[in-house]
Amino acid sequence: MPLSRWTVLAAVLHGSDTDFGTYPDASQSQYPYLSADTLYTPMGGETCNPNPPRSDCPTALSEFALFHWSFVNKDYHPGVLSAWTTQGCTPTIQRRLGYRFTLLQGEYTDAARPGDAIHASIVLRNDGWAAPYLPRTVQLLLRSTSSGAVYAATSIADPRLWLPSSSTTHTLTIDACTSASLPPGTYERLLNLPDPARALRTRADYSVAMANDGSVREATTGYNRLWSNLTVSPSAPASPCNTATRFVPFAGTPAEIAGVRWSSLTQLVWTADAASSRYHVYRDDVTQLANA
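If you use my numbering, the sequence shown corresponds to residues 56 to 347, in order.
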């Protein structure tokens, strides 16, 4: 996906019929273009002055949804903000600004042999008003219930394309192979969407939290529990590995492989087995840059 660098900042929101010249007239002729553009670009700003009924809750909620707002100044204008509180829409605004991912259901492989393939299909919905505008890695994690060791499979899914909609869902599908040396045992599944900045990648408060109840989010790690376990056993039904995606030991930070370094805006997907190592490097628009 090409990088979206355009940002819309509305600094005089609803202060007049044209938002003090933000729009050329009150006909709203520019609304369709702006609505389409802000599906993929950041939109936010601040209120200007009380101008009821335009500055009241009905217009605010309608246009925040239409233009996919991600942020609004919480300190200005106090008169408008107070009216929103009195009219009862402040909680909705706080809840729906930006993206709001909710896990709906999942289908998973129950048991697998070490080195075999496992499948995950996760359905979610974006109940917010916007999509993320930063690229994020999407990782399915396996964590041993006995040792606590974590293994990660990285998807090339782009959460920036999980667009907001109350009626449309998004399906994240990950097929990946475990290592032949993976210790038998029980592994819990978790979903991880860390911040793309290297310095923030392990900060739980910067990772994406699903909007489900508190039993999903892990406060200390930032992982989202999927409440599903995988049993790894030599006696499990065979499921031969036929994908390049592998679960690899995970420490929470990007690795350095064969001396290859990359910026925080580059996603690395790599596979390894006992005989060799392979890696695939993807740019943010999912263009493969290297394969060795």
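These aren't lab readings, by the way, just hints derived from the structure by calculation.
Hints are not guaranteed to be accurate.
[As the list claims (entries may be wrong)] Ranges of calculated distance between the beta carbons of each label pair, as one might list FRET restraints: (1) A254 with P87: 38 to 44 Å; (2) Y78 with A254: 37 to 43 Å; (3) P113 with P304: 49 to 55 Å; (4) E162 with W61: 36 to 42 Å; (5) P113 with T157: 21 to 27 Å; (6) S90 with Q149: 17 to 23 Å; (7) D72 with R253: 42 to 48 Å; (8) L216 with Y261: 16 to 22 Å; (9) D182 with S90: 56 to 62 Å; (10) T62 with T200: 40 to 46 Å.
C-beta atoms are modelled at their ideal positions from N, C-alpha and C, and glycine is treated no differently.
Evaluated hints:
1. Checked against the given bound of 38 to 44 Å, the beta carbons of A254 and P87, roughly 40 Å apart, stay inside it.
2. At roughly 40 Å, the beta carbons of Y78 and A254 sit within the given window of 37 to 43 Å.
3. The hint said 49 to 55 Å for the Cβ distance between P113 and P304, and at roughly 53 Å that hint holds.
4. Distance hint for E162 and W61: a CB-CB separation of about 38 Å, consistent with the stated range 36 to 42 Å.
5. In this structure the hint that P113 and T157 lie 21 to 27 Å apart at CB holds, the actual value being about 25 Å.
6. A hinted range of 17 to 23 Å holds for the C-beta pair S90 and Q149, which are about 22 Å apart.
7. The beta-carbon spacing between D72 and R253, approximately 46 Å, falls within the hinted interval of 42 to 48 Å.
8. A hinted range of 16 to 22 Å for the beta carbons of L216 and Y261 is consistent with their spacing of about 21 Å.
9. The hinted range of 56 to 62 Å is not satisfied by D182 and S90, whose Cβ atoms lie roughly 18 Å apart.
10. For the pair T62 and T200, the supplied restraint of 40 to 46 Å holds, since their beta-carbon distance comes to about 44 Å.
Of the numbered hints given earlier, the model fails hint 9 alone.
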